[in-house]
Amino acid sequence: MPDIATDYVPIVIVTLLAFALSFGVLALSYLLGRQRPDKDKNAPYECGFEPSGDMSGLFHVRFYLVALLFIIFDLEIAFLFPWALVLADLGVFGFVSMMIFLAVLTVGFIYEWKKGALNWE
Amino acid sequence: MAVSVLFYIMSFVALVAALAVVLVREPVTSVLSLIVVFFNGAGLLILLNAEFLAVLLVIVYVGAIAVLFLFMVMMVGGASESAQRGQRYHALPLALLVAVVLLVELVLFAVFTTSEQTATPISESLQAVSNTEALGGVLYTRYAPMFQLAGLILLAAMLGAILLTHRRLPGVKGQDAAAQASVAKKRRVRLVDVKRGEGTQ
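If you're matching them up, the sequences are chains Y and G in order. Quick note: the first sequence, position 55, residue 55 per our numbering, numbers continuous. Converting from the second sequence to our numbering requires adding 1000 to each position, the first position being numbered 1.
By construction, these hints were calculated from the structure, which means they are not laboratory data. Where is the CB? At the ideal position from N, CA and C, for every residue including glycine. All the given hints hold, so there is nothing to weed out.
Stretch-level coverage of chain Y by chain G, calculated; a stretch enters the list once three of its residues show a Cβ under 8 angstroms from a Cβ in chain G:
#1 67-73
#2 95-101
#3 110-116
Partial selection, computed: residues in chain G whose CB lies under 7 angstroms from chain Y:
#4 L1135
#5 G1136
#6 A1161
With the hints as constraints, model all of the structure from the sequences given.
As structure tokens, then:
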């Protein structure tokens, strides 16, 4: 049985290196730098003013809409990948099956376009 | 050997991160822990040679669904401390019920599954093809009804999201590209003969 996991060893190594580098740099600057914190140094900096307003600003709901519409077409693409790999062996039925799937989502796409959900106001 | 070590590391990290998702107070930290769970799940899938599912988990769950959760957290804002304290054990009976059901299922699976069932060797024809090809071989033909149902669910999600969240703000000025491109000269420019000493009025 071909073991795919061994193909990912370089990716694991690069990931570990990235973690080591980022945490290493952070730790070095923490250890080597002189730490003399006081109240003003630890305060959040906002252009020299006293910080005003809530730290966690609220997002408008339209960001959510964009993310959700993105997920749906993301999934559509995900369904296309295995289909493209085996299309030659699938026959007419597999082809038509995917075309129906795409047509259903195209209906939704036309709806969202006409509704103006893709426009940023 | 290396595979089982990796398996234990990733399962452990995934379990700890999953605990952090429900135990951490800060909602954003909770979502970030969820991303750690997804990444470790993808790693476990790679150990099972299920490459496509692993990449899908990263693309869909980390790339899209976690972002959706983040937006949700930032849209709703953190609940105030006192409100959180009051509701902390609000859903405990329901949570316990779900946990017990899952535990019973796990135990039943462990007890009643014989070793032949878990260790069924993959057939020769499946070993020759990759995981992705095996998936594609049945998804669009044998499981076509489920596949079409997935398409309809996606359509319903799309329509629902638009109906629930899309509002045209009144008084927002926008561009109409078609109208801009189809402007004729006579609708914009008027040539007037102006007599000397008189105005255009």
